[in-house]
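**Student:** Read off the chains here:
Number of protein chains: 2
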Amino acid sequence: MAKDKEFVQAITPQGEDFSRWYIDVITKANLMDYAPVRGCIVFKPDGFALWEAVQRELDRRFKETGHRNAYFPLFIPESFLQKEKEHVEGFNPELPWVTEVGDEKLEERLAVRPTSETIIGHMYSQWIQSYRDLPLLINQWANVVRWEKRTLPFLRTSEFLWQEGHTAHATEQEAREETERMLAVYTDFVENELAIPVLQGQKTPSEQFPGAVATYSIEAMMKDGKAVQAGTSHYLGENFARSFDIRFLDKDNERKYAHTTSWGLSTRILGAMIMVHGDDRGLQLPPRIAPTQVMIIPIGPAKARAQVLEAAQQIQTTLRTAGIRTDMDASEDVSPGWKFNEYELRGIPIRLEIGPRDLEAGQAIIVRRDSGEKLPVALADLGTRVDELLIDIQASMLENARAFLRNHSRAVHSIEQLHEVVRTEKGFALAGWCGDAACEAKVKEETGATSRNIPFSPPERMPTCVACQKDAAYTVWFGRSY
Amino acid sequence: MAKDKEFVQAITPQGEDFSRWYIDVITKANLMDYAPVRGCIVFKPDGFALWEAVQRELDRRFKETGHRNAYFPLFIPESFLQKEKEHVEGFNPELPWVTEVGDEKLEERLAVRPTSETIIGHMYSQWIQSYRDLPLLINQWANVVRWEKRTLPFLRTSEFLWQEGHTAHATEQEAREETERMLAVYTDFVENELAIPVLQGQKTPSEQFPGAVATYSIEAMMKDGKAVQAGTSHYLGENFARSFDIRFLDKDNERKYAHTTSWGLSTRILGAMIMVHGDDRGLQLPPRIAPTQVMIIPIGPAKARAQVLEAAQQIQTTLRTAGIRTDMDASEDVSPGWKFNEYELRGIPIRLEIGPRDLEAGQAIIVRRDSGEKLPVALADLGTRVDELLIDIQASMLENARAFLRNHSRAVHSIEQLHEVVRTEKGFALAGWCGDAACEAKVKEETGATSRNIPFSPPERMPTCVACQKDAAYTVWFGRSY
Chain A
754 MAKDKEFVQA ITPQGEDFSR WYIDVITKAN LMDYAPVRGC IVFKPDGFAL
804 WEAVQRELDR RFKETGHRNA YFPLFIPESF LQKEKEHVEG FNPELPWVTE
854 VGDEKLEERL AVRPTSETII GHMYSQWIQS YRDLPLLINQ WANVVRWEKR
904 TLPFLRTSEF LWQEGHTAHA TEQEAREETE RMLAVYTDFV ENELAIPVLQ
954 GQKTPSEQFP GAVATYSIEA MMKDGKAVQA GTSHYLGENF ARSFDIRFLD
1004 KDNERKYAHT TSWGLSTRIL GAMIMVHGDD RGLQLPPRIA PTQVMIIPIG
1054 PAKARAQVLE AAQQIQTTLR TAGIRTDMDA SEDVSPGWKF NEYELRGIPI
1104 RLEIGPRDLE AGQAIIVRRD SGEKLPVALA DLGTRVDELL IDIQASMLEN
1154 ARAFLRNHSR AVHSIEQLHE VVRTEKGFAL AGWCGDAACE AKVKEETGAT
1204 SRNIPFSPPE RMPTCVACQK DAAYTVWFGR SY
Chain B
754 MAKDKEFVQA ITPQGEDFSR WYIDVITKAN LMDYAPVRGC IVFKPDGFAL
804 WEAVQRELDR RFKETGHRNA YFPLFIPESF LQKEKEHVEG FNPELPWVTE
854 VGDEKLEERL AVRPTSETII GHMYSQWIQS YRDLPLLINQ WANVVRWEKR
904 TLPFLRTSEF LWQEGHTAHA TEQEAREETE RMLAVYTDFV ENELAIPVLQ
954 GQKTPSEQFP GAVATYSIEA MMKDGKAVQA GTSHYLGENF ARSFDIRFLD
1004 KDNERKYAHT TSWGLSTRIL GAMIMVHGDD RGLQLPPRIA PTQVMIIPIG
1054 PAKARAQVLE AAQQIQTTLR TAGIRTDMDA SEDVSPGWKF NEYELRGIPI
1104 RLEIGPRDLE AGQAIIVRRD SGEKLPVALA DLGTRVDELL IDIQASMLEN
1154 ARAFLRNHSR AVHSIEQLHE VVRTEKGFAL AGWCGDAACE AKVKEETGAT
1204 SRNIPFSPPE RMPTCVACQK DAAYTVWFGR SY
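Protein chains in written order, with the numbering used here: chain A, 754 to 1235; chain B, 754 to 1235.
Same shape as in the complex, but just chain A:
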């Protein structure tokens, strides 16, 4: 992992070019590299460690809500995909097809999974016979492939990693509750672990999952005012149950179709986390998810080195014992200044400097990545203080992101205003919508913004459609999106 140790290369400022800033940060922070396959990336260890942290926290929540992990095949026979008409139409242009193995042509083409409703639906039809087999609550961690035209590291890649939950229930009500429960799990995870505030709501029909009855999403705002759909939860009704014959004998001795759901969150969340929190100095990782929460940097002249190193080691032990993920950079081939820049770039929440004068004073200097604030802390108080600070940084990051979202969102009454908000002010617009797909399309054509979702509890109800000025049936968030 070659890195020029002489200087930290400049990052394009966000205000100058947000896209270049993003690419600069993710490459210089060593999170990813471009792969030699169209639209694919390599998750380098520092990037993959973020995904491992996401997996750990989400998987815990899935298991706490009664789900178990399983694994289904990567390949989906063409005939399976065609059983659900909307589904195959939605995904067809993006599907990679395996047509031959070795030197032999396959009799039936195999799609590389873009999502697994169809193959899981097929298995569920065999596993579910009676109401006693329900609910069936399964999650899968997997790679999926969608050949996207425009790609962007983490946010939209041909292959990506995700989890996909697939559940089957005896009644519509139970399935709808599950759909909502998992949206709440995502919201809790994204807000409390990643410090990203989200807008919960239902997707409009034109934006929903192919084959779903209703799609719910959480939407986050990046620092350039664009939206990232951070997670989705779908109520699939009986659609897939009918296509794949998932039926069960109910308590009343009648054979009924199961109601199914699916829900997913992918590695795009890493892109969102970077774009929500990053700044001109680089990444900014929320403490709860940061693989390293504290980086210790011993400083001072060579003659004091042994003594300082010993103290730094002790601090590392103290913090690790307190359950704080702590590392130390005692390398001598680069300057402390270089290290300060480097670990700011990498987004480590707290830098802890310790030198001979600090030692004499019985203290260390703590520097917050979020505010840049420097605090001398008595060595005896380090465990407690660092813990408090990590909690405070986590809370501040969420609060700052909330303020940003609030300050870049407003209600609009016309397409001109909507254009102003999404293009000039760079944010989200809350607008009325009559429910006609043509009006949604008009907004998109004239402003580039799409409906993000129909919020469960909008800040206000908008009375007229932003496009046709007729009575609004819905109040909708609009925004440009990744």
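No lab work stands behind these hints, which were simulated from the structure alone.
Be aware that a few hints might be false.
Remember, identical chains collapse to one label, so a pair may be satisfied in a single copy or spanning two.
Below, in silico cross-link-like pairs of lysine-lysine (BS3-like), each with a Cα-Cα straight-line distance of 27 Å or less [unchecked claim]:
(1) Lys1004 x Lys1092
(2) Lys781 x Lys816
(3) Lys1092 x Lys816
(4) Lys1195 x Lys1004
(5) Lys1223 x Lys1056
Knowing the structure of chain A, use the given hints to seat chain B on it.
**Tutor:** Just chain B, lined up with the frame of chain A:
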């Protein structure tokens, strides 16, 4: 997951038909199901939980030995595979090819990875510039595909899950040490977590990894006397470094090729665990890896039920607090006898029965899955005693498997004797080998056995080649294998 609650279906005895026994056990224990894609299986939750346990314990060991996880693309451009001639020849017949996306033909075919040396080699050539970038120690957890002619659940499936480590080093010595270190990690993991004794050694040239300089393996013996290669570690020399131009500027200012290694362990290890420990009653899970170590079953008449349930709950809390993975089956729709059979089938190491008379006596009954032994244990001692018993069961399982391996292995001096050992006695034969591939092929043709490996420390040195009776250059384990 429909399961007939009236009775536990009979399992074919191992002595009658080992293959049918295996399929009976893995299906009735709900570990897997056949997928509608040739040679692929679905890992059902009870099966996937075993893989999660393997991942947890192996991943910990990889991180302790300085490795970090990353993720590389699923697809490998055809031109990459062709850069390493032996490698592509070895894998070509098993490669699924993506030739089209949506309705468009790809300009270059993409292989679905059978292993990732080539694409990782390409990335390493860009990441490694200087000796300071070495060693590079990366692991990947991934799905891979090899279109096998004969498939068997877990042991040989078209798609399987594995981890593949890929490291690069400045010198041959360091790379060889890494190859040995990871073989030792596998050995430690397989013996101490899975209670499977293994034979460590080097593969003969005809059995080594395509593109490797040397392949090392650990080989385990199933209860039918056949071998499973449980893990492999390859020293790749400069082969992949030359094919992919992985060069670095060394301390002496010379540009040199890196020495690389790779090592892998896959979901086939689950098949091995089942075939090493299972018996006519079903699975037998080693306590250290068992997702559930203790299953509590409350028994007794309805009038005592509330009191027994309360005690059972308390026991569950006590055991869980002691860090023992404990579950309880208090369902009323099946008999205790049905449950006993069911959890024996599922291989749970300890069953804990508690009824009104036990309560009066201040005890519970513990039943070991391995020996069937029943032990009354005072409630006050449960935490300690269960912990001791789990340790004892783990040790006994390893010891029993070691005795089995010992009793089914012996030295042979002729092909006839070798045939006798692998076909009639059903075990491994230790034999001399001159080093000529023709002799190895002759053994295979006449006995069906392949060379398993050349042990680092054979129990004895065999003086003459088992096939040609010339001087032996090596002492080799032969066996029929999965």
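**Student:** A separate judgement is required for each hint: does it hold in the structure or not?
**Tutor:** Okay, the hints, checked on the actual structure:
| no. | hint | result |
| --- | --- | --- |
| 1 | Lys1004 x Lys1092 | between (66 Å within a copy, 24 Å between copies) |
| 2 | Lys781 x Lys816 | between (36 Å within a copy, 24 Å between copies) |
| 3 | Lys1092 x Lys816 | between (39 Å within a copy, 24 Å between copies) |
| 4 | Lys1195 x Lys1004 | neither (49 Å within a copy, 64 Å between copies) |
| 5 | Lys1223 x Lys1056 | neither (78 Å within a copy, 68 Å between copies) |
The structure shown violates the earlier hints numbered 4 and 5.
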